[in-house]
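2 protein chains.
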Amino acid sequence: MNEAELHRVNRAVKQWLQASRSFILGKMQQNLNVSEKTSRKDLVTNVDKENEKLLINKIRTFAPKSQILGEEGFGDQIKQTSGWVWVVDPIDGTMNFVKQHDHFAIMIALYIDGEGVLGYVYDVMNDVIYSGGPQIGVFKNDEPLSAPANLNLRDGLVSVSAPMLVHNYKNLQAVVEASSGLRVYGSAGIEMIHLLTGEIVAYLSYLKPWDFGAGKILAESLGLTATTVDGQALDMLSSDFVMVATVKAQQDILPIIG
Amino acid sequence: MNEAELHRVNRAVKQWLQASRSFILGKMQQNLNVSEKTSRKDLVTNVDKENEKLLINKIRTFAPKSQILGEEGFGDQIKQTSGWVWVVDPIDGTMNFVKQHDHFAIMIALYIDGEGVLGYVYDVMNDVIYSGGPQIGVFKNDEPLSAPANLNLRDGLVSVSAPMLVHNYKNLQAVVEASSGLRVYGSAGIEMIHLLTGEIVAYLSYLKPWDFGAGKILAESLGLTATTVDGQALDMLSSDFVMVATVKAQQDILPIIG
Numbered sequence: 001m002n003e004a005e006l007h008r009v010n011r012a013v014k015q016w017l018q019a020s021r022s023f024i025l026g027k028m029q030q031n032l033n034v035s036e037k038t039s040r041k042d043l044v045t046n047v048d049k050e051n052e053k054l055l056i057n058k059i060r061t062f063a064p065k066s067q068i069l070g071e072e073g074f075g076d077q078i079k080q081t082s083g084w085v086w087v088v089d090p091i092d093g094t095m096n097f098v099k100q101h102d103h104f105a106i107m108i109a110l111y112i113d114g115e116g117v118l119g120y121v122y123d124v125m126n127d128v129i130y131s132g133g134p135q136i137g138v139f140k141n142d143e144p145l146s147a148p149a150n151l152n153l154r155d156g157l158v159s160v161s162a163p164m165l166v167h168n169y170k171n172l173q174a175v176v177e178a179s180s181g182l183r184v185y186g187s188a189g190i191e192m193i194h195l196l197t198g199e200i201v202a203y204l205s206y207l208k209p210w211d212f213g214a215g216k217i218l219a220e221s222l223g224l225t226a227t228t229v230d231g232q233a234l235d236m237l238s239s240d241f242v243m244v245a246t247v248k249a250q251q252d253i254l255p256i257i258g
Numbered sequence: 001m002n003e004a005e006l007h008r009v010n011r012a013v014k015q016w017l018q019a020s021r022s023f024i025l026g027k028m029q030q031n032l033n034v035s036e037k038t039s040r041k042d043l044v045t046n047v048d049k050e051n052e053k054l055l056i057n058k059i060r061t062f063a064p065k066s067q068i069l070g071e072e073g074f075g076d077q078i079k080q081t082s083g084w085v086w087v088v089d090p091i092d093g094t095m096n097f098v099k100q101h102d103h104f105a106i107m108i109a110l111y112i113d114g115e116g117v118l119g120y121v122y123d124v125m126n127d128v129i130y131s132g133g134p135q136i137g138v139f140k141n142d143e144p145l146s147a148p149a150n151l152n153l154r155d156g157l158v159s160v161s162a163p164m165l166v167h168n169y170k171n172l173q174a175v176v177e178a179s180s181g182l183r184v185y186g187s188a189g190i191e192m193i194h195l196l197t198g199e200i201v202a203y204l205s206y207l208k209p210w211d212f213g214a215g216k217i218l219a220e221s222l223g224l225t226a227t228t229v230d231g232q233a234l235d236m237l238s239s240d241f242v243m244v245a246t247v248k249a250q251q252d253i254l255p256i257i258g
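Chains as they are written, first to last, in the working numbering: chain A, 1 to 258; chain B, 1 to 258.
One should not assume that every hint holds.
Intra- or inter-copy, both count: the list cannot distinguish identical chains.
[Claimed, not checked] Using 25 Å as the maximum straight-line C-alpha spacing, the simulated DSS-like pairs for lysine-lysine come out as follows:
id	residue 1	residue 2
1	248	41
2	53	27
3	37	27
4	41	208
5	14	27
6	27	248
No lab work stands behind these hints: they were computed from the structure. Quick caveat, the model's predicted, so the values are computed rather than measured.
All chains should be modelled from the sequences, with the hints used to inform the complete structure.
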């Protein structure tokens with residue numbers, strides 16, 4: 001994408017995100033309508049759904065020929081990744097949104113012909129947008145973000161899925177033991193932010209495309225790796241057990257989970 | 001303690017905390033001197049030590065007849081709890097301080113004849129002091145903090161020690177399973193703050209007196225319980241497996257860990 005077009009898209013997405021934040025903050029003054037999706041630990045609210053519609057409307061107006069993959073199902077059924085594909089998570093960390101009224105994110109990614117072009121992870125309550133992509137680097141609001149230090153597993157904190165840790169799936173207990181310690185924040189978007197800022201060195205969890213679509217673009221733009229837990233390329237249309245990590249931490253983790 | 005005296009102490013402690021924060025922020029611009037205490041996951045820095053000395057000097061000047069219990073050992077060897085006893089944690093969450101440069105706390109408690117009078121948990125990087133006690137209630141900086149909702153375990157998030165979870169000590173895996181989910185923030189002070197604000201409903205970990213001294217006072221002042229994991233009274237001079245929780249969550253947890 002040429003630079004002028006990239007900046008035009010970037011400005012537009014940031015405006016949508018701010019509109020979306022205002023919408024969410026307004027809804028937080030009212031009673032939430034909470035319901036269960038697959039279990040009592042997998043929640044969705046009226047705000048997730050309405051915010052997805054808001055964002056999809058913005059995208060359809062701005063770029064009508066796009067395909068859109070949305071968590072709450074108001075986008076398209078996508079079979080192939082040619083052209084512009086947007087990936088939208090209207091509220092990532094719905095449990096945190098419901099129980100903590102904090103620590104959740106809005107995430108948007110733009111892929112063109114299967115390649116990540118722009119990613120956005122918005123820490124709504126702190127009003128900080130992490131944005132960027134391979135062409136422009138990564139920004140924390142308007143400030144360029146430096147690449148985090150390429151630390152070994154031993155020298156950093158890690159975040160892993162709590163149920164997977166308890167069941168020792170893929171030897172995750174040994175991964176945590178080999179690190180400096182475990183942190184669990186409860187939102188893929190918030191975990192991604194901690195990776196981008198170097199506060200954790202690895203994040204391992206079973207994720208859906210809207211959970212990793214934006215974070216993958218930002219992470220790779222800062223020299224982090226974002227792969228399956230076996231080190232393979234991620235399919236942006238499929239759910240998978242995902243590992244986002246520093247290069248060194250990935251190298252340390254692969255033999256442990258192998 | 002009479003009200004005028006209480007407010008005189010309260011004003012003084014808040015001044016020390018602000019001086020302490022300035023000291024820490026200044027030191028964060030320099031290289032930290034990090035060393036291991038009991039293991040590579042139990043760190044101490046020059047800033048922990050120097051900040052404890054700073055706080056102890058303030059206390060000795062202000063109230064020379066006090067006994068002081070400090071994490072880094074610059075206080076007194078305390079055998080009995082009569083009179084004024086201060087409990088000081090100069091940096092709680094040293095691993096976060098070292099690895100994240102965020103998410104750590106300064107904690108100070110004042111007990112008189114064994115009774116909690118004033119507690120302080122200072123989220124340093126967010127510049128928010130949670131303060132108060134049974135006589136004056138709890139404040140978030142200058143704003144009174146309401147009691148969190150008395151939620152059942154099922155309806156709230158919990159925080160537990162990660163190694164204890166992995167080893168299923170006291171059946172903690174079932175506690176987490178019965179809750180809405182796990183969060184791990186890596187600092188007793190930060191976990192206490194999440195309890196005070198209602199973002200989690202229970203916190204279970206093996207803690208030393210400086211880890212729970214201030215949080216216990218604040219938690220109880222807001223109607224939460226702070227006991228051993230078996231529901232017994234805490235000894236403010238002893239380490240123990242501690243549970244801080246809403247009354248309902250405590251009632252839900254006791255039979256699970258029984």
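To see whether the hints hold, each was checked on the structure:
no.: 1; hint: 248 with 41; verdict: between (33 Å within a copy, 20 Å between copies)
no.: 2; hint: 53 with 27; verdict: within (14 Å within a copy, 48 Å between copies)
no.: 3; hint: 37 with 27; verdict: within (20 Å within a copy, 48 Å between copies)
no.: 4; hint: 41 with 208; verdict: within (16 Å within a copy, 32 Å between copies)
no.: 5; hint: 14 with 27; verdict: within (20 Å within a copy, 36 Å between copies)
no.: 6; hint: 27 with 248; verdict: neither (42 Å within a copy, 29 Å between copies)
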